[in-house]
Structures are given as structure tokens and as C-alpha cells.
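Novice: These are the residues of each chain, in order.
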Amino acid sequence: YVPNTDADRRAMLERIGVASVDALFDDIPAYCRNPRLTLPPPLSEMELTRELSRIAARNRSIAETPCFLGAGAYRHFIPSVVDYVIRQGAFATAYTPYQPEISQGTLQSIFEFQSLVCELTGMDVANAGMYDGASALAEACLMAIRITGRERLALLSTVNPSYQRVVRTYAEGHALPVDVMTPDGPALSEKHACLVVQQPNFFGYLEDVEELERRAHAAGALYIVVPEPMSLGMFRPPGEYGADIVVAEGQPLGVPLSFGGPYVGLFATRREHIRQMPGRLVGQTKDVDGRTGYVLTLQTREQHIRRERATSNICTNEQLCALAATVYLCALGKQGLRRVAELCYHKAHYAADRIAALSGYSLPLAGTFFQEFVVRCPRPPREVNAALLERGIIGGLDVSEQIGGGMLVCVTEMNSREEIDWLVDALREIGA
Amino acid sequence: YVPNTDADRRAMLERIGVASVDALFDDIPAYCRNPRLTLPPPLSEMELTRELSRIAARNRSIAETPCFLGAGAYRHFIPSVVDYVIRQGAFATAYTPYQPEISQGTLQSIFEFQSLVCELTGMDVANAGMYDGASALAEACLMAIRITGRERLALLSTVNPSYQRVVRTYAEGHALPVDVMTPDGPALSEKHACLVVQQPNFFGYLEDVEELERRAHAAGALYIVVPEPMSLGMFRPPGEYGADIVVAEGQPLGVPLSFGGPYVGLFATRREHIRQMPGRLVGQTKDVDGRTGYVLTLQTREQHIRRERATSNICTNEQLCALAATVYLCALGKQGLRRVAELCYHKAHYAADRIAALSGYSLPLAGTFFQEFVVRCPRPPREVNAALLERGIIGGLDVSEQIGGGMLVCVTEMNSREEIDWLVDALREIGA
Amino acid sequence: MSDGERRDMGSKLSFDRGRPGRTAVTLPDCDVPLAEMPSPSLLRDDLPLPEMSQPEIVRYFTNLTCLNYSVDTGFYPLGSCTMKYNPKLHEDLARLSGFAQVHPLQPVETVQGALALMHELQGLLAEITGMHAVSLAPAAGAHGELTSILTVRAYLEHRGESRHKVLVPDSAHGTNLATVSTAGFQCLPIASDARGNTDLAALAEALDEDVTALMLTLPNTLGLFDQNIVQIAQMLHEKGAQLYCDGANLNALLAQVKIGDLGFDVVQMNLHKTFSTPHGGGGPGAGPVAVKAHLAPFLPSPVVAQVADGGYVFEEPKSSIGKVGAFHGNFGIMVRAYAYVRSLGAAGLREVSESAVLNANYLLACLRQAYDLPYERRCLHEVVFSGSRQRAKGVHTSDIAKRLIDYGFHPPTVYFPLIVDEALMMEPTETESKETLDAFCEAMLAIAREAEEEPELLRSAPHDASLRRLDEAGAARHPVLRWQREDQA
Amino acid sequence: MSDGERRDMGSKLSFDRGRPGRTAVTLPDCDVPLAEMPSPSLLRDDLPLPEMSQPEIVRYFTNLTCLNYSVDTGFYPLGSCTMKYNPKLHEDLARLSGFAQVHPLQPVETVQGALALMHELQGLLAEITGMHAVSLAPAAGAHGELTSILTVRAYLEHRGESRHKVLVPDSAHGTNLATVSTAGFQCLPIASDARGNTDLAALAEALDEDVTALMLTLPNTLGLFDQNIVQIAQMLHEKGAQLYCDGANLNALLAQVKIGDLGFDVVQMNLHKTFSTPHGGGGPGAGPVAVKAHLAPFLPSPVVAQVADGGYVFEEPKSSIGKVGAFHGNFGIMVRAYAYVRSLGAAGLREVSESAVLNANYLLACLRQAYDLPYERRCLHEVVFSGSRQRAKGVHTSDIAKRLIDYGFHPPTVYFPLIVDEALMMEPTETESKETLDAFCEAMLAIAREAEEEPELLRSAPHDASLRRLDEAGAARHPVLRWQREDQA
Ligand SMILES: Cc1ncc(COP(=O)(O)O)c(C=O)c1O
Ligand SMILES: Cc1ncc(COP(=O)(O)O)c(C=O)c1O
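Read top to bottom, the protein sequences are chains A, B, C and D.
Take 1 as the starting number for the first sequence in this note's numbering and just add one per residue.
Take 433 as the starting number for the second sequence in this note's numbering and just add one per residue.
Take 865 as the starting number for the third sequence in this note's numbering and just add one per residue.
Take 1354 as the starting number for the fourth sequence in this note's numbering and just add one per residue.
Bound-form chain A, shown alone (with noise of 0.2 Å):
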């Protein structure tokens, strides 16, 4: 991808007025110039493609596979018109907008993430997007330790474990303790931040978030709310029931899987917090014609203005994830989210009826769940699961650790009752 043929460079030499590139490396300590470096040799496009297509055929798609995994990262059906969106150049190898002049494709689409999450979570202010749904967990934690002076983070103990781990390692630099705390009786006291909630939660049920936020609230505690975006099809959102900061996971609205990443966080917050707000912020203004337009905004807040005095360390975000979560969100749209989720509701209440009527198979959970549930198998999970992969089913997750025998199942509308009946099957057989 180099363009400058020999001529153009012995021409910019000359200009520069050395005799060879190498002279300009010359700051460089001799001991260790031109080191060798045992890389594979070079492939040209066509090897190149061979090759990785190669490794990829070692990968197993869920596009051919039925799966059943969800866990923070779910299958859904992403329309065509968002990978063409953000495959155009002018959005994809655009830096992050400084210039509003010339950035405004950029600039708009971040005004209309922001606004997007801030009407699926109900809740004021939202920024353009976190590392993931996790990393922004931990920002939420911080920030909650900023805006209360306090130095206790209170998590659920039904809070997805990475994330909890997540939040450890921020914590680990201010030396904050974190609390795990159960759902039913939360301990908070005056020294918490917050308290963190999941909803549903990771084993894919409901919390009692009312009366969560009552607790939290009562002790002073920022209530940190963490939903699932595709459950807010349908569910009501964070902004209704008192969340002081919501972050998700925004994977699950248009982003592929890619075996984890990338993928982005969303991060909302109430109007009282903007300055405390981690991350980027686009604001709408107007031109000196009186033109509406988008600029970068707050951002006294971000590192490269306050520098050590930043909210967060965060510069580089996740901007192509967002405009797809963006052009998702579009495209779907009131009645199409609402039916989706309503469809993984639908569908992932089958499976668990049907499996919960196998012999040897039952629902440990009690109440309301999504698209999630937890199976208690007669044989260890692990066990199960290497059975159904002999069968071409990727099971759920081994949630044994944490619930005997627990297996964690996610059903969505990608996963057509054939495959739920094939995979109630194989479970009978393999429990039989």
C-alpha cells in the first residue's frame, strides 16, 4: 500500500537533502538498529484470502450451528442495510470528528446514537459510546465515586461475573472495596456509591428493581442499572424506575458477534450528572449561517482538554459499533424492536416449558424471565453440552459454578423452533 515509487523517493531525498532513507533513522541507537525480525513471509491478496479463510473453516459459524449461548452476547438478526452503512469509507476510515466542517456524517450519527439510547432506556443524557458493555460498568462505578465523594462499590451478585471482574480491576487502582451483595437484601450502607443491578440478570431473570432502587436510593447510593438492550423491546426501561446510570451492552442491536469484539457500551445518565460523565459528547449547535449542525461538545471533560482531570482515560471509542447499533435501531424501529423481543420472549419461554417437561430436567429460577433461563441437567452441564455438540448443538452456558447443575440457555428469534425441538430432543436422549 505504499505508493511512492524509487523516482518519487529519490526526488524527496534530494528535497530533503539526504542521501538515503536510512539517514533519517539515524537518531536511533546503532547497538539495536535493524533488528531481525523472524516474521512470515509476506502473501499477496489472493494468499492472503486463502490463508484466512483457512483459519476461519477452523471456526465453527453459528450461522450453520444452532446455538444457544447468550451470556452478555446474543444472536440476532442484523438487516443488510446496517453493513452497508457502515462499510462506506466516508464513515469507516473517518478519525473521530475534531473538523465539524467536514465530520458531519460522523457527528450526526453520534447525535443520533445518543438520542436512540437515551429513548430506549428512558433516560436523559447518553454519550456516544463506551469499549463495551462491561468496561462502561466500571466507568459507571468511578463516576459514581465522583459524584458521591464515596469509596464502596455494591454490586448484585447476580451481576454478570466479567463484569463484576471488570469493575475489580478499575476498582484495584483506588483501592475501593466492592460489595457483592444478594438481590433480596441488599446490605448498602453510607459508604456505598452505588449499587449495581443487572436486569434481568445474568441467569436471565427479572430483579425486583423497584424496590432496589428504593434501597439504594435510601442509603444514598447511586442506582447503576444494567440492562439487556433487546429486552427494552418490551420491558420498561432504567429512566422509569429511578436509575441514576444505565450502561449496557450494546452488542445486541446490530453489532455481529465476532467472537466477543468488537462491540459497544452504551452509557446514559440523568442531566444533573453530564459533567461527570465519562466519554465523548456531541452536541447540536448552529453554523455561522444559522445552519444546524453537530460539534463535539463538553469537552472539558475528556482527556486531551483536562488531561489528568479527565472523567475517564477513554479517547478512541467504538464509534463503527455505535452507528450500527444506530442504523439497527433505525431500521427496526418501534414495532420491529418490540417484535423481536418479543419473539426471543416467546420463543425462549417454549424451550423452557418444553425442557422443563423432560424428565430429569427442571427450572431451578422462579419469576419472570426474557430470553434467557437457567436448566439444572441431570448430568454435569459440561458433560451435556460436549453431548450436544456430538449432536451439532452448541449448548448453553455452564452456569454450575454458580447454581448446581445449572446451564444457562438463551433463545432468540434467530433460532427456529426446529432447532429449539431438536435441541429439546437431544437433551432427553443425553438426560435419558
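Hints in this document: simulated from the structure, not taken from any laboratory.
Where hints are given, some of them may not hold.
Said to hold, decoys possible - Here are the simulated DSSO-like pairs of lysine-lysine, each with C-alpha atoms no more than 30 Å apart in a straight line:
| id | chain 1 | residue 1 | chain 2 | residue 2 |
| --- | --- | --- | --- | --- |
| 1 | D | K1671 | D | K1645 |
| 2 | B | K623 | C | K1029 |
| 3 | A | K286 | D | K1365 |
| 4 | D | K1365 | C | K1298 |
| 5 | C | K1182 | C | K1103 |
| 6 | C | K1029 | C | K876 |
| 7 | C | K1257 | B | K718 |
| 8 | C | K876 | D | K1787 |
| 9 | D | K1365 | D | K1518 |
| 10 | A | K286 | D | K1746 |
| 11 | A | K191 | D | K1518 |
Every value quoted in this text rests on a predicted model; they were computed, and no experiment measured them.
Fit chains B, C and D with the ligands to the given chain A structure using the hints.
Specialist: Below, chains B, C and D with the ligands without anything else, positioned relative to chain A:
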């Protein structure tokens, strides 16, 4: 894809002043209105994706299968930039560029295409493309009739049989006799409007195009040459050996095989014949402010102006495939195209040498070939191909009707040495 | 790209970009022993192609996209062109490896999916048109016309009849007339009557035993359903002639009426119009032909047939006119059209025609106050106005068209059909919303006012485009049809 | 889109487009019996999302593309951002079903390809940087910085040392300082010397046993190689502190020197800069961290290891700092970066750094007559000028930037690094041609002349853009951060 809602519809009907949409169709005779249409039920995007993926999976993609078929359609590596460009909605969803002020993207790229075809073929002018190589040849023959005022066509027997058939179909309308002649002594008379020569010929070998040129012109016939465009990466272009009209199948230049279409016919000729040329032409011009731009030109040859006296009835052609060829030629460029041609040449010769060394197999034809050659098989090619397919290889084309035991084998840069060796080993086994 | 750059794009072609020695693609080393090269006399000296890097190429073509109007960027009411939305999903589907990476000559057992799709599409199109057999071979509408006329010819010749004339209404598309000539027939124009229908008297007069067929566009290019169709079919058939439908305008009739039920013997369809495959700036398209049973044996080769075991094969119809293209037609386009029909079903197709017709009549209703309507009837999928009222002010239809560009719209088709003075032919299609039509009508009404009050504004339009009023006459007088090296130019 | 429309895009958002009842996507019927719905008190009443048709969506976003400057449309010399060409092929490869349609929690035996790729990429990056272990977990540069600092902290704590300070040069990128705070450390600035290197005296003074690390960008943000690097490493290590490299500028050093050989203990890389993955208008990126052996046990979880049978597994380093993201990092970006390294090989990487540095020095040579050069040295991959000479005429660097827009170029980074007055920081990258650089220099020289002769032209620039000088102060004063329904606004 219908955006209007019921409310929209009602408002529009009111404005129109009719009670129902049905009333707008009143001119249709009552006896046949609202027929019963027995079509499969509608599919959502998700279902449609599944259904078409299922159908596609019933084809054997040669992305996964070594394939040695050519005979007019060739597998070459297509750089990603080609599809990236032709997918752009601004190119793909525009109409024929009748309004130059807002169609410079298409117009300029057609001008590029015309220029590239001229450079490749060595001819003076080229049009914006025809349906495919075969119909381009038929149109070239009709053009020769118009120019010479003669009424017979002459084709070499070594022209692609499919092309011969298409010429016959077109000739039928004008009751033009088509004479098929052998390459070594075409018996042309002053009745013949043209002599058609394919280079390399259908069997992959070079014709003596200079001798044939002398013969054609000696008889006062136009000399029509049908080159394989990739071969022009290394072999002399028809413009250098006296061709009057050059037509070719443009598919090898960046257009996917797609089971036979859409492709694009290349059509070039000498300057003096421009006004007899079929198809669309784009010319360079200036706008009122003196800026360089492009317009459709010499439209008085075309059906929408000249109507029944047009040089052809062609209207919609294959613009997006022409664009693919344009981007492909720009991407490979001077060095790349030659290199691909040479890779095909060397690999084909390697394969031919190795096959010829197998006991029972021989190369019945002598001379210089490019990327295709005929192998005489020890068993009927049909059987050999069936046996190859069992081994996961798609063999060459059965041409035993024309050449006893003949199989037309094509090798391009896409066939790795490993694949070729695999073919050779399989042929050895099958021939034993 | 700044406005200035946008305006200067035209002056730098690929050949002027790049530098000697550049290339955009890396190629593998040769993994076989090199063969002896052919005699130098067979080889070319120079291969004068551009030499650009990949970034340069991407930039060049990406910048060209911003110079193009397209359905993806705005309303495109080009009459007779059915510029409807082209689903992005279908683009992905046509690129599935099992469709895009299949060689046309692969053994039939390795392409059963492709053949099944073609067979099903033949059936779907036969059902939609009420015909008996379908050929998917033609590559575009005009190609389908030629195929149809040759098929009819073969049929008549098979019956021992040699006829020489084809009738074509004066409102017909140019391809109809050109097709007649290309097929070796003589073309006889038939006048339209005051209602925009075929003039029955004129038809009766022209009709004799030497007439092969009448080529009728339905709805015709005025956007009108020929009210005489039943009589016309009867008259034709009485003389032993065939009734041919140019089905380019089928969008108006989907699921409303089957062409075959109206007495037509043959119809060509434009998949790149009615069936939503993208126009591509002028193709590729596909122009399948559907025929009644008596014409089926004469269709071009191949057609797809299902055999006893449920598998599919290519077949050559018994008395086929032969081949019209090298392989089996524009398969990639068939995939898209098939996807379209499967996504809509019968009710969806009906919604298409209803909305297309509703949208056109809405334009008619909104604009008739300002523009002359040559035929006082409701229209079907498109409406043709006349710019005669404006011409009286010294403003031509082409000026109205150019002025629309300033308003951000693609102009309608102009000066066609020929029988309408200063014709403005608008086809909104079903995929446009009422808001878009309202905005367009507002622009058209504003232009009508401008024509009264500031005609110069129109005559010098467009004002707001990268290029303005290109010199088309000059281009034709001194044709520059290709890039040329400085020293050769 | 006409120029007028282009200018008005901003006033109509998705919510203002469309109509109640529209949707762009059809969904399948429910193929299972409906379950009982949850209690209404759990459900939401309203889902106030846009209601657009598919054509409207495509048009909206397609038109937005023409409002964006991008590498695909023009030269983007934004310093510290390495806006190189992003190969289209890599976009296709990342979308292969075996990469894009793989769930992060699939059984390890079903994702051996993905793990193999990650393992190889770990190895390639370790080789390029001369380090011993690599974590691919961080999602961007700043995330890699944080990961690195936490890793260093864990290492020191493991050794029983609790240190509180991190040193950061005054030329550092904002993320460095913010990272230090986010990681819970105190930030101590270190001055640069007159040659643009770290001031050794300042360093010596700041350095004590409470210092955890020095974060050094190499080449630094002045585009200069720190000539004191060997001493710096020695000084740090003597105090038991770690030397951290912000590797965002690695493009300059590829195959020229291994970061590890210079004495660095840890480095983060920006795959979305050096390794050509597209910026996406602000991500996604990936910020892998490479470390010397002593830090390896502290890297975040997971890393990929190869086991005895040749297969691959995820592993948690022995004393890992834990997880920094929900899954295993931005795999899709890793695919592209892996493809990049495989396509170039060692010689290709060297060509990259050579050309990047050559291009930057060419800009330096061409522009130094007109713009002040704060450090009289040759640069590496980028060159920083000062607009001080122009400021004397009342023209600010931001005016120069806006004026460049009129000339069709993306402006350089401005006002950074902070230690350069009116900084203009230009990074051409290796994928730009000499012609492009020449055109850019011509524009910069013209602007320098304009600054002398017509400064007002600059102060009111851009003149040739859809929007001009947006009111950023107003936006911050009265933040409007989301669309609001008329009645709520
Ligand atoms: C009425 C009519 N018939 C025939 C055609 C020719 O179709 P094609 O351009 O596909 O050859 C057209 C195209 O505009 C048309 O409008
Ligand atoms: C020198 C330097 N360090 C760190 C970063 C931060 O990288 P990222 O934006 O990926 O978080 C940047 C980004 O511009 C940079 O230029």
C-alpha cells in the same frame, strides 16, 4: 419496501378524489381483474436469507473446489476494491446517465472504461459495453453487414460454438447465411461481410492472425477478432494486426462467474466506423464554465433517437460490470495484468506438460497456447470428469464432439500447484 | 472533497493519476517452473494501463460516487424506468459463494441449487404473467424484445407463414422499433387515439396477413391502460398475428391482472425495473420472456426443466431459435428478482402495484393545476404532463428538468413519449413516501411559478450542481471518446 | 443531493423522518405457541424509536456519507492519528462467517481458528516489539495504557512495593495523564529539553523510589526520537521503576528498532493506527500490550496459549490484574491487524516505516520556509510546525486549519502537543503519494501567503464547505445532546 402508511394512503386518495385504490384500476377489463395468484407466502428478511443460503448451498462453489473449466468464463482473483466500488449505491442505483450534471460518476467511469478497452485492444474507439461477448459478436457481424453492404458472414470453426450459435440467431432475422471455415484455408469471397477469428481460439491455441488478416482484407471483408482479454496482458492486441472490429467477453476482468452472468461484452473498432457502432458512447466535453465533463454522445446511432434506423436495439447494457472491469484494470494496472497473464501461462504450461507425460494422455493440438489446452483422454472425457468429481475436482470441458477424446482444460492463477498436481495424480489414477 | 475539487474531477482520469511503477494489487510468486515464453513476435510491447496505488483507486472512485444522483440518494421519478428502491439484502444474497462463485459449465449435479432457483423463477414469472413458459436468457428488456420477435417469427415460419411487418404504436419506446429492424422486419407505426389508446381504425387499416405482431406496451408509455385491449387482441388473432406485450411497465399491473388473460401471446419483463434489481447506471438487467404454450417450443436455449427424480436439467426447446447469449442469462440478476418475489408474495406484489399507481395519481392530482395534462384520464404507474404551457413563456421542458436539479431532484424523463409535446414523464414508484412526493410537487409548482415570473432562472439552470449545461452538441461534433496520451492527442 | 440539501441535512434527524407505522424490516411470524405475557407493570408503554422505511434509511445515511471527510476521500494528515489507507480486503476477511459469526463463549474446540489467530498475533506483536508476552485484551490505546499501568502496579505490589507516582513528559498525549489518574496514581510532568528530548536533569530530579514508571511516547509527539533513551532507561531501572512506551507512534519504528531492545518494559500498540485497521470515525480500535517476561504473569485475562497437542486454550496469567473487558478483546480488529502483518512481512513493515518517515521529512523540507519549525531536527513519522509566524499577522492555527478545508484537505492536528506554540502537527503516513504531498504543500504555502496578504480570508474560512464555523462555545453553554419531541423541547 412500501413506505406509505394507511393514513398517508387515505390523504392521497382524498386529494386524488377517489374512494379506493381499486378505482384507479377501473380500466382493466372486469373479467380478468384481481386474478388468483398462486405464489409462495412472503418471507421476512431473516427467512429469505435462510432460504437463499439453503439454495446456494446446493451449488458447489468453486471457492472450495479445484476447478479447471474455462471455455469462455474464467476464474481470476478479484481484488476487494472492485466489489467495494460497484456496491456503492451511488453507482449501483443510478439509471443510465441521461442528466450529465448529476451523473458524472457514471459518465466518467464509462469514459474510463472506453479508454481502457481501447488501450487493451489497441483499437481507436470502444463503446460502453454490450450484453456479453457472444451478443457483442453478433452485433459486430450485423455492423459488418451495414458497413460492407454484403450479406454473408464467415466464422472460423475454432470460434466458441456458443458464440457461433448466437451469431446464427441474430443472423436468422436477416436471413444471412453463416459460413464456417477452417483456420488454415478460409474460403472467403467478395460476398462475405466479415471474417470472425477468436484469439486464442476456443481450444486455447493462437491462430495465425496475420495470415487471416491478409485473407480477410484481400476479400474486402472486415476482420473481426474475438480476443480473450486476459491474454491481452501479454499477447499482441488485435489493433496491431489489423482488426476492424474487436469484441470480447469482459468477464475475466473482475466480474464474478455467477453461473454465467451478468457479464459484459467489450466492443471496439476503428475510428472511421464510429457511426456504425452499436451501443452507448460517452464523450468528453466542457460545461458553460469551461470545466471538463462527460456526456452521452453520438446518440443519433441509438434507438431512443434513431428508433427503427438505430445501429442496434440495445438500451440497458451492463454498466456495473463495465465498472467492475474498469476498477479491475485500474487496480491491476500495467504490471499486474501482465503478471496475471503470465501466471496463467506458466501454470497452464506446467499442467499441460505434466498431463502430457501421463501414460494414455496426450495433447492433440500443436502450437502456442495461453491458459487453455486440449487433452486427449484415454477414456471418454465424460467418464473422466465423473471420476474427477468423485475426487472433489471439477475437470475441463468435454469437447470430444469436436476433438476425439478431447477435454478442454483451463488453468489460471487461481489454481495452485498443489491443485494442479492433485489433478495430475487423479488423471493418472483414472487413466490407469 | 471541496466543491472546487468536485468540479475538477473530470479533468483527471486514471491515466493521469498514479505514476509509472505503481500497482494496487500484490500477486503471488509463480509456484510452478517457468515455461518457455512464446516467440516475442506474438507478445505485446506495451500495455498502456494506469499505474495507481490502491489508496488512489479507492479515493478516485469514492469521490466519483458523490457526483452521481441515485435512488440511494434521492427521488428519481424517471418515467419508464421504475426507479424503485433496491433491497440491500438482495445484494448480499447474490454474492453468496454458492451463487457468485459457480462456473456456468459446471457439471449439472454440482449446480442443482442454481437450476432449482431458475426453474422456480420461471414458474413464478409464468404465474404472474399468466403465461405458460418462460425463458430467462435475455439480458435486458430490448434483448427480451428481440428474443420475443424472433420466437414469434420462428413460430409463424414453423406454420409455414412468412410475414414481414410488425406494428408499433406511435407512443412506443425506441427499443421496440429498433428491435423490429434488428429482427429483420419492417416497422409500421400505429397512431394513438385521443384517449391515449391504440386507434382501432388505424390498426384495422394496417392489419393484414403480412403482419407478424403488434408490440404493445401495457400500460403504455403514457401511463395509460389501453382500453381497447380486448378488441385489439381479437383483431390481431383474427389475422393470425401475435400480440406482444412490452412488459417494461408491469409494475402497474402486478397481481392486478395477468397479461396472458388479456390475450397477449408473449411478454418480456424487465427484472431491473419491476423486480427491483438495481439499474447499475445502465445495467446489468434481465429481460425474461414469457409465452403462451404455442410459442414455448421456439424459446431460446436453454430452459430449465425438472426431471423424474426431482433434479433439474438444462433443455433446449424443440424448435428453439437458438442461443441469444453465451451462457444461461444474467443469473446474478435472477437471484435478486427471485428474492424479491419470495419476499413479497402475492399480497406484497399487489401492494406494490397499488402503491405505485396511487403515487402516480397523487402526482397527477397535485401538479395538474400547473402543468398541462394531455390526456384527461387517471393514470397508472406514471403520469405524463406536457410543458406546453411553460413553453409559451419561452421555457422548455429541458429547462424545467435542469431546474429540478437545483431543487435536489432527479428530473423526470423528458421529450418521451414523442406524441406528447414537451413531455414530462414521471414515475414515482411505490417505494417513495408521501412526504417525498409532496416535496417534489412543491418544487414542480415553484418551478411553474418561476417559469411565469423568472424564466431566465430556468433557462440558465442548474445553478447548484458541480457542472452546468455541458456542451452536448460540441461533444457530438468533435467526439472525444477516450483518454489520449498528450503526445497522441 | 444539491448543495442546499447538503447544508440542511442537520435539521432533520431520524425521528423527524418517517411516519408512524413505518418499519424498514420485515420479521418472521412467531413459529411457537405464544407464552403468557409478563405483568403489564413490567412492560413499557411507549418505545419512542424512529419509524422509517428502508429506502428512507439508506438515503439518509448515504447522504450523510457525502458530508464526511475520510481517508477514502482525501489526504488526512492528522498528526498522532496515523490515518493510513485501510485495505478493503481486510474488511471482507473480518466478515468471513467463521470470524464474524462466532460467539465468544463457544466451546474451545469450536474456535481453534480464532485462538490460533490470536496466538499468532500475540507472537507477531511480541516479535515486532521485541517483547516477551502480549495481551490482546485492551480495546483502544488508552485502554492499553491503563492495562499497562495496572500491570506494572501489580508487578511492583507483588514485589512488595507500593509506589504512587507516574512520570509523564510535558509533550504527552492527554490519555497518558488521564490514564495515570484513572489507575489511581499521581501524575508528575517532566519537561522536554531544547532538542525535544526528555530533559535528563528534570527527570533526575523527579525520579525517586516512589516512581512507578515513566510513560514515554516514542517517537514522541513532536515526531522526534528521544535521543536520551538509553540513559532514561538506565535511570528508571536504577530506581526500580518501569519504562513504559506509548506505542501509538510505532509506525515510525516498524522493523527499524524493537522497542524492547531500547530498555522499555511495556508498550501498548494502537492497531487502529499502525496496523491499518480503520478508525471508524472514532473506533473500534485495539490497544494490545506487550511486556517483558517479568511483567507477563500480571497481564489481564485471558491470553491464548498453545497446549501439548498443538491446540489452543485461553489462560489466565498467574497473577493477572483480572479482566479489562467482558470477553477477549476486539477480535474483529485483531483479524484485520493480523491480515496486515501477514500481507507485509518484515520487509514490508520496514517499507512502511521508511516511507512514513520519508513522507514526513518531505513535508518538513517543503514547508519549513513558510512555517516555523520549533525543533531544528529531522523528524520521524510526523512533523510539528508552529503557526507563530502567522499568529503575528493575527491569524491563528485554527484559521489555517479551516482554510485548508477550502483547499480540499483535512487539517493537521492543531494545538497539540501543548509545548509547541500554535502547533500544527502533520502525519502524512506511508500510503500517500508524492503528488498528494506536493498538492498539500502547495496549499499550505498558498495559505502562508494568504496569511500575509489577506488574513481575513483565513479568519472567515472555510468558505467552501456545507457548514462554516459552528458555534462550539454555544453548544457547550447550552448543551443540546439529544433529539427531543417538539412538546418536550
Ligand atoms: C417501455 C420500455 N420498453 C423497453 C425498454 C427497454 O428495456 P432495456 O433498457 O432493459 O433494454 C424500456 C427501457 O427504458 C422501456 O421503458
Ligand atoms: C500518542 C498517543 N497516545 C495514546 C493515544 C490514545 O489512543 P486511543 O485513542 O486508541 O485510546 C493516542 C491517540 O490519539 C495518541 O496519539
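Novice: With reference to the structure, classify each hint as holding or not holding.
Specialist: Taking the hints in turn, this is what the structure says about them:
1. D:K1671 <-> D:K1645: 15 Å, holds
2. B:K623 <-> C:K1029: Distance of about 27 Å is within 30 Å: holds.
3. A:K286 <-> D:K1365: OK: K286 (chain A) and K1365 (chain D) at ~14 Å, within 30 Å.
4. D:K1365 <-> C:K1298: Within the cut-off at roughly 17 Å; holds.
5. C:K1182 <-> C:K1103: Distance ~26 Å between K1182 (chain C) and K1103 (chain C) Cα, so the pair holds.
6. C:K1029 <-> C:K876: 49 Å, violated
7. C:K1257 <-> B:K718: Between K1257 (chain C) and K718 (chain B) the Cα gap is close to 28 Å, so the pair holds against 30 Å.
8. C:K876 <-> D:K1787: OK: K876 (chain C) and K1787 (chain D) at ~16 Å, within 30 Å.
9. D:K1365 <-> D:K1518: 49 Å, violated
10. A:K286 <-> D:K1746: 28 Å, holds
11. A:K191 <-> D:K1518: Judged against 30 Å, a Cα distance of about 27 Å means the pair holds.
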